[in-house]
Every structure is written in structure tokens, then in C-alpha cells.
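Asks: Given the structure of chain A, go ahead and fit chain B onto it with the hints provided.
Number of protein chains: 2
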Amino acid sequence: MKSYSIKELLEKQPVGDSVVVNGWVKTFRSNRFIALNDGSTIHNLQCVVDFEKLDETVLKQITTGSALKISGTLVESQGKGQSVEIQAEDVFVHGTADPETYPIQPKKHSLEFLREKAHLRVRTNTFAAVMRVRSALAFAIHSYFQQKGFYYMHAPIITGSDAEGAGEMFRVTSLDAKKPPLDENGNVDYSEDFFGKETNLTVSGQLEAETYAMALGKVYTFGPTFRAENSNTSRHLAEFWMIEPEVAFNDLAANMDLAEDFIKSIIRYVLEHCKDDLQFLEGRLLDEEKSKPQAERSEMTLLEKLRFVVENNFKRVSYTEAIDILRNSNPNKKKKFQYIIEEWGADLQSEHERFLVEKHFKCPVILFDYPAKIKAFYMRLNEDGKTVRAMDVLFPGIGEIVGGSQREERLEVLQQKIKDLGIDDKELWWYLDLRRFGTAVHSGFGLGFERMVQFATGMGNIRDVIPYPRTPQNAEF
Amino acid sequence: MKSYSIKELLEKQPVGDSVVVNGWVKTFRSNRFIALNDGSTIHNLQCVVDFEKLDETVLKQITTGSALKISGTLVESQGKGQSVEIQAEDVFVHGTADPETYPIQPKKHSLEFLREKAHLRVRTNTFAAVMRVRSALAFAIHSYFQQKGFYYMHAPIITGSDAEGAGEMFRVTSLDAKKPPLDENGNVDYSEDFFGKETNLTVSGQLEAETYAMALGKVYTFGPTFRAENSNTSRHLAEFWMIEPEVAFNDLAANMDLAEDFIKSIIRYVLEHCKDDLQFLEGRLLDEEKSKPQAERSEMTLLEKLRFVVENNFKRVSYTEAIDILRNSNPNKKKKFQYIIEEWGADLQSEHERFLVEKHFKCPVILFDYPAKIKAFYMRLNEDGKTVRAMDVLFPGIGEIVGGSQREERLEVLQQKIKDLGIDDKELWWYLDLRRFGTAVHSGFGLGFERMVQFATGMGNIRDVIPYPRTPQNAEF
Numbered sequence: 008m009k010s011y012s013i014k015e016l017l018e019k020q021p022v023g024d025s026v027v028v029n030g031w032v033k034t035f036r037s038n039r040f041i042a043l044n045d046g047s048t049i050h051n052l053q054c055v056v057d058f059e060k061l062d063e064t065v066l067k068q069i070t071t072g073s074a075l076k077i078s079g080t081l082v083e084s085q086g087k088g089q090s091v092e093i094q095a096e097d098v099f100v101h102g103t104a105d106p107e108t109y110p111i112q113p114k115k116h117s118l119e120f121l122r123e124k125a126h127l128r129v130r131t132n133t134f135a136a137v138m139r140v141r142s143a144l145a146f147a148i149h150s151y152f153q154q155k156g157f158y159y160m161h162a163p164i165i166t167g168s169d170a171e172g173a174g175e176m177f178r179v180t181s182l183d184a185k186k187p188p189l190d191e192n193g194n195v196d197y198s199e200d201f202f203g204k205e206t207n208l209t210v211s212g213q214l215e216a217e218t219y220a221m222a223l224g225k226v227y228t229f230g231p232t233f234r235a236e237n238s239n240t241s242r243h244l245a246e247f248w249m250i251e252p253e254v255a256f257n258d259l260a261a262n263m264d265l266a267e268d269f270i271k272s273i274i275r276y277v278l279e280h281c282k283d284d285l286q287f288l289e290g291r292l293l294d295e296e297k298s299k300p301q302a303e304r305s306e307m308t309l310l311e312k313l314r315f316v317v318e319n320n321f322k323r324v325s326y327t328e329a330i331d332i333l334r335n336s337n338p339n340k341k342k343k344f345q346y347i348i349e350e351w352g353a354d355l356q357s358e359h360e361r362f363l364v365e366k367h368f369k370c371p372v373i374l375f376d377y378p379a380k381i382k383a384f385y386m387r388l389n390e391d392g393k394t395v396r397a398m399d400v401l402f403p404g405i406g407e408i409v410g411g412s413q414r415e416e417r418l419e420v421l422q423q424k425i426k427d428l429g430i431d432d433k434e435l436w437w438y439l440d441l442r443r444f445g446t447a448v449h450s451g452f453g454l455g456f457e458r459m460v461q462f463a464t465g466m467g468n469i470r471d472v473i474p475y476p477r478t479p480q481n482a483e484f
Numbered sequence: 008m009k010s011y012s013i014k015e016l017l018e019k020q021p022v023g024d025s026v027v028v029n030g031w032v033k034t035f036r037s038n039r040f041i042a043l044n045d046g047s048t049i050h051n052l053q054c055v056v057d058f059e060k061l062d063e064t065v066l067k068q069i070t071t072g073s074a075l076k077i078s079g080t081l082v083e084s085q086g087k088g089q090s091v092e093i094q095a096e097d098v099f100v101h102g103t104a105d106p107e108t109y110p111i112q113p114k115k116h117s118l119e120f121l122r123e124k125a126h127l128r129v130r131t132n133t134f135a136a137v138m139r140v141r142s143a144l145a146f147a148i149h150s151y152f153q154q155k156g157f158y159y160m161h162a163p164i165i166t167g168s169d170a171e172g173a174g175e176m177f178r179v180t181s182l183d184a185k186k187p188p189l190d191e192n193g194n195v196d197y198s199e200d201f202f203g204k205e206t207n208l209t210v211s212g213q214l215e216a217e218t219y220a221m222a223l224g225k226v227y228t229f230g231p232t233f234r235a236e237n238s239n240t241s242r243h244l245a246e247f248w249m250i251e252p253e254v255a256f257n258d259l260a261a262n263m264d265l266a267e268d269f270i271k272s273i274i275r276y277v278l279e280h281c282k283d284d285l286q287f288l289e290g291r292l293l294d295e296e297k298s299k300p301q302a303e304r305s306e307m308t309l310l311e312k313l314r315f316v317v318e319n320n321f322k323r324v325s326y327t328e329a330i331d332i333l334r335n336s337n338p339n340k341k342k343k344f345q346y347i348i349e350e351w352g353a354d355l356q357s358e359h360e361r362f363l364v365e366k367h368f369k370c371p372v373i374l375f376d377y378p379a380k381i382k383a384f385y386m387r388l389n390e391d392g393k394t395v396r397a398m399d400v401l402f403p404g405i406g407e408i409v410g411g412s413q414r415e416e417r418l419e420v421l422q423q424k425i426k427d428l429g430i431d432d433k434e435l436w437w438y439l440d441l442r443r444f445g446t447a448v449h450s451g452f453g454l455g456f457e458r459m460v461q462f463a464t465g466m467g468n469i470r471d472v473i474p475y476p477r478t479p480q481n482a483e484f
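Chains as they are written, first to last, in this note's numbering: chain A, 8 to 484; chain B, 8 to 484.
A hint or two may mislead.
Identical chains blur together in the list; that is why a pair holds if it fits in one copy or across any two.
To be verified - With a Cα cut of at most 16 Å, we get these calculated EDC-like pairs of lysine to aspartate or glutamate: (1) Lys33 / Asp105; (2) Lys186 / Asp196; (3) Lys433 / Glu483; (4) Lys124 / Glu434.
No wet-lab data here; the hints were simulated from the structure. Quick caveat: nothing in here was measured; it's all calculated off a predicted structure.
Isolated chain A, as found in the complex (with noise of 0.2 Å):
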């Protein structure tokens, strides 16, 4: 008797033969009739029991939750809902789960409910499809950039480097954490520490990209990157995933080629790759918002808006361009933004990005040509001396979901950029070699994953998009 999978099994459809699955009940109806779910599709396979020849007590083991594997014969399905079922023969118990105690029961969780069982949220519907899009994602995105030539690159996780100024890190040590050892003036002597040094866990890969890109011509990275930020929301976590693409001699204006080009590519992906997934969450969406106002309901399903990404251009506006607009729109006149736009130089705000891309442009935008000092140190100065060759691009519901720049190529202007701000350039000597041999003009960005997985499932908070979420209070698991 041949195993299958469930997903397998319901695409090949053998009818006629007899199959071995395994899986976890989902429902258990009349003492006959089992759905059951692998973790392979979000489809259950109907499994039809005779309880008169079953035995009582695996009988009363069959409940939501339960591990079984089943044996019998692949029959078209007699009743609604599923083209094939399994008409069992055998029914054996791996495992059981007391509905007692066992917290997934077949009725509605509220999301945070199922942030405390982390460990089997992903039993449900919602979370198996979540996780299963988040896969495809990150193969999307490996298949992207291999195919158009990159090459993956593992930049450090522990740094000893705090140069780039992304956000607040976490210390890395090993240090005895009462009693560190001390040097002759009193500070916590890092030489005694694993690596001689103080480290910390990295805020991007992309500086160490930048060394490979300008070796190798085209990498990107799809790392872990951290912030030791106490920002509690729902658009924030302390651990998330990144991915960096870094080109050499790649320009801003094919930085933002690359970075529409790759967006939509992934999105096409999911949408071909994750259909069954994507229809249940659009449905999930739509009856979470029916509890919603009628104004802060979307006006696009989830598939609708996935496909809008795929078929539209983005929109490309400088900075300057949209200060315009913002400051003679609407809301800004009549204070209703927190922020009002007053002037050129004024760092846009969720609120403003939101605005532009929702109401005012209805379409992905990629802003561009920011003022250089709202900007990291190493964007590219333009010639005006004032803006930088930064860009972002700012989504639907979810507002910057990639940064990037054409990155300062030339040694004086970078070394400048690096006094003017105090930043200690021994931590960078490696980075400014990249100037002294070889540069040349090259750019990059930075995608964060779990908000492009936000923004391919629907969901509303980050912390449901990554198995685990670390933010302010919690590391459990």
C-alpha cells in the first residue's frame, strides 16, 4: 500500500486504490465521518469509518487533534464538498489529544489567544496557510535572484561593528554577567570577552554585501537581522528576516528597476505557487473586516490587491515631488495628519506615506532623491549637495516595505560624510578599502520579509507572520 500525502493524494486522485495517510483530525462527525489534515494543503481528506467494525476504544480516540494513520481504499466521494475520500479499513492512533485539555478545538481563536500557544497555532487553518505562503516566499525569492545571476551571500549575524547606526543592538557576550572583568579605568573590559571585543547582533548585512557585490557583481543576502528597540506595535519585532540585493555598477534608476522587477516576480510566484492558501486567507480577511467600519474596510480583496502589485507600474515620485503634494493635500491643510508638512527636509511619517500611496496615488510608489540628512551615511550625495540617491517603496496597509540607495562611491565625499557625522571610521577601514580599490558606482536594498509576508497573507499584525516572535517581553519558546 502506497503512502501519500494528502496534497498528493487529492492531486493525483488514484481512485480504486488502496493508499496509506497520516494525519491530525480536524473533525470527527457522526462517529463516521473524519477529516483529516497533514500540514501538506489546507484541504482536509474526508475518511469514512465504519464504527461498527471499528473498535470502541479507538473509536473514542478519534478527536480533534488526534494523530492517526489510516488505511483503505481511494473511492469518489458520495457526499459534498470533496471529490475523493478514503473508505478505511484500518484506523491506528499515533497519538491522541484529550479534548479536555487540548486548546485547538474546532471554533474560532482570536489571534491573541493563539500568540500564547505558538507551539500549535500553526495547527490551525489560518496559521499551516500563513507559514506555508511564508515558504513560498522565500523560495520565490532564492529562485528570483539565482536565476538573474546573484549569488547568496551569508553576511555575519554577531558584528563587531556598530558603524551602520540602523537602530539599537544587542550586546553578544560571554562575559560573567554580575561580575564582568573590569580594566584599569573602571569599564567592562571587552578583551576578556569571546571575541576579544564587544560584538553585537547585526542590524543589516548590507556593508558586508557591499564587499561581496563588488567581487562577485551581483549578491544578495536573506538573513536574520535584529533591533533592540522597545517598540511594541504591531509593525515592529525585535527579530525579523531581511533580504539585501546588492549590485555592482547598478545605478538608482536600475536599483528601482530591480527592486519592481523582484517584487512582482515574488508576488507572481505566491500567486500561481499558494492559490488554495491565498483563497482561504482572502476569505479570512473578508470576514475579519466585516466587523470593521465600512471606511476602514479594504476596497480590494486580498487577491485583488496581490494582482493589482503584479499588473501596475509603481509609481516613481522624488521627495521633493511628494512634499508638494502632501503639503496642499487635504488632511495636511486641515490638520488632520499628527505630523503637518511644513517644509522641504520634513522626514515623512507613516501617516504621510500612507496618504500618498492610498489615497493620493491608489498604487505602490517608490519615492526617491531624499534630503541627505535624513538619510544613512552611505547614500550617494547628489550633485544639488543636498539630496541623496535614497529610495523607498512604500505598499498598501503596510507602508515601507523595501529601502535602498546607489551607495557613496567616492572615497573623499564617503570619508567626509563620516567626519561630518562622528562616526569612528577605524570600525569602517574595511568598508572605505572598497573606495580605495576599485569602486565604483554600485547600489542595493533591503526587503523586510515578514512585511512582505504580511502584505502576501492579509495579515494585520507582524507577530503573526514568523513562527516565533521576539518582541519587548517575550522570547518565550
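Replies: Just chain B, lined up with the frame of chain A:
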């Protein structure tokens, strides 16, 4: 004029076309022949310049390591060593590389020297080839699992659980390093730390992967793992990448089948996709081995070794059989082993594993059914009460490359084991839940990614197969 990567250009050979390439100068000879490389391939593109037409300043800037944009016509080459070349019409210098200070000159550099220049070493043929193979291997791994219906799962990097016991851990903290807050007992008060508890860097994603396997059926992780162990050897890193598949309903035999099929598949992938790089690395290895005494040289070349693994079955041997073989072996009788094998229960050292693989069986070996005492708490106890369903895959030259097991799925047995070992079961409540609710036979293993890259590239030191190695006293870049 169309812009090409050198790889594309050498594949398509659009002879007669006007083309543009960007890259870095490998060598420049006779003021006429530039060997240009852009990292897309091991092969250089010959670009022929007419020095009489070229600006004197530009000519002087064409030195090893300088970045150029060359426009010209692709023609069939008159010279040896290449079938096509560019007749350069225009040369633009992106950036120079002063021969007086640029460390990567066209001569042999020692691997030790290059480790100090990790940001530039990938500009050498050897490291570029290694990192391209590394990238291909990573993609092969994702492709294999995705094709087989596995879902990619990101296990957490920062973990509040230290129960796995695979090794010493790094602490992750935001507390003041010098004067951490203390509780009433004078201990460090981790409730004031970022996560409200003590947290560490993960040593393995296995336990969390099990939670996902028991919902999605087949999952794999691919992420960084850490060991705060003071092992300054050519085989150990403090930060390395691991792949950990976990499969519900798989027993140990199925686990061994999976490991063997998986390893063969990814090696087959690099044999198909990295021919040029592997050929180069094979040559490098032969060269390196010339300086070794005959006895220490490999019996097979790099490619022969890779093909051998793909074409032969791994030998499956129980621990008990292995102990018999070792006890009766010459090096044991003649006391040539550092650790003499005297009785059943002994832990195997690298010298024993290498003897089995390299001298006795002369092929990859899977050892299984180890004594419970020398293996982790979560491994499935056999009916004999003294061995567990563990397996290690041993490779020539590398030793253990995969370690795995069938997991203990019985709640009571696992609880007893945890109690016997004095592990705090409060840390493992969620892991035990998997045995309370819908438990089933399941299995998995871990592959150390860098060891696999070492095997595939023939590099002897693990520090040379990861971009920025982290080892005791070293976290540069």
C-alpha cells in the same frame, strides 16, 4: 549597446555585436591585453585595447583591481586560451587600485594572509569559486526540500530556552554591561532585560522545527546557529549555518533514506551547475597537496570524490558493529588511536570515525543506534532500553557531517529522561505538549552547512568557506 555579464557573454558569444562589460582587472599585459572579471564566473574576458589610441592617464589606471567599463566589439579571439575577446573601443575607469597598496596582486597569497583581508579575499579566484559553490549549494538545499513538499521554517535565533544542551551559549542582552540591575538576592535581574528574561543565541532550531513538523508534516530550517566554545580549530566556528529537516511520521530508517537522498541530490546539483568552479578548485587542491607527503594526499581528486558520493550507497552500520570493527582494528590493537576503544559505550572520536570511513569502508557511513548515554535526551529509546535511534553520517576528510535521530514521541518516557538528566521541564512545557496532543513518530537531522561546503570545495579550513568567520578572539568586519 547591450550590457552583459561576462558569464552571459561567454555563454552566448554574440560575435560581431557591440557590447558593454563592467568588471575588475585581473591582469594587464603588454599595454594591450586586459583580463577582466566581474565575479559572474571564474573565467576572465580578454579585452584588447589599442594603447596608441588610449589616453595616457587612462592607460596608467589600468592595473590589477581597478574597475573598468569597456565598450567594444566581440570578436573571435586570435590568441590561445579563449574563443572570444573584446576589441575595446572605449575604456572608462570607475575606480583605480594603486599597485603600491592594493593587497590582492596577481601572485599566490596564503590563505592565512587572505583571512586578514576577508573583505577583499573574495576577489581572488579561490574564494570567488568557493563562495559561488556555497551559493549554489544553498539553493540546491532549498530546491530539494521545496520539490519534496517540505516547508521552510525560520526557527528563532534569540531563544529563552536553554534546554537543548547542544553546547555553550552566547548571552543576548540590553542590560547595562558594567552595572546590571540586581534582584533582592543579589543576582542579575533579567526581568529588566529586553525580553524580561535571560536570553541566548540558539544552538539548534530542532525543537522548534518539531513543533512545525507536527503541524505541517515536513519542514526544514536553514539558519545561523551558535556555539560559545573556545575551540580554535580548523573544524569549528562560533557562528555557522545549519539545515534541520524534521518530518512527522518518519522513523529512523526513513530518516536515513532522506539524509542520503538529500546529500546526493545537492552534490549532484553542484556537479551540474558549478563545473568550472569545481574544476578550478580541483586544480587548486592538487596543487596544495603537492607539498604534502604522499601518505597525506587524497586518493581521489575533488571531482572524483563528489562523484563517488553521488554514485555509491552509504554504508549503514550500527554503533555496536562499529565498536567491534574498531576494537579489532590495527590502530586500536597497536595503540595508535589516541583514545583506545575498550568497550561498548565509548564515545567515538574523530579518529575513529575517520578510520571507519577512510580506511575500513572507504565510503560515506551512517552509524545508528548509539548508546543512550552519549546522546541527547530527545532521542527515541530502543526496545533494548540502552540504545537510542540516533544516526550520524560520516564523510571522508570531514567526519560527522549530519547528526540526527528519531525523536522520543512517548510523553512518559521523555518526562522520565528529562527528570533523570535533571533538565528543568518548565523550560520544555511546549515541547512536551507535542507529546500530549497528537503525538506521532517523527525524525529529523542537522547538516552543518559549512562542513558540506568544505566537502564540496575541498577547502581544509572551515574559516575559508564562510564570508566572515567568527572564532574565539575574532569578530572582525
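Asks: Evaluate each hint against the coordinates.
Replies: For each hint, the structure was consulted:
For a Cα distance limit of 16 Å, the shortest separation of Lys33 from Asp105 inside one copy, 13 Å, qualifies, whereas the shortest one across copies, 68 Å, does not. Taking the closest pair of Cα atoms, Lys186 and Asp196 come within 16 Å of each other both inside a single copy (11 Å) and across two copies (13 Å). Only between protomers do Lys433 and Glu483 lie at most 16 Å apart by alpha-carbon distance; the minimum there is 12 Å, versus 38 Å within a single protomer. In the homo-oligomer, the alpha carbons of Lys124 and Glu434 lie at most 16 Å apart only across protomers (14 Å), although the nearest pairing inside one protomer, at 42 Å, exceeds that limit.
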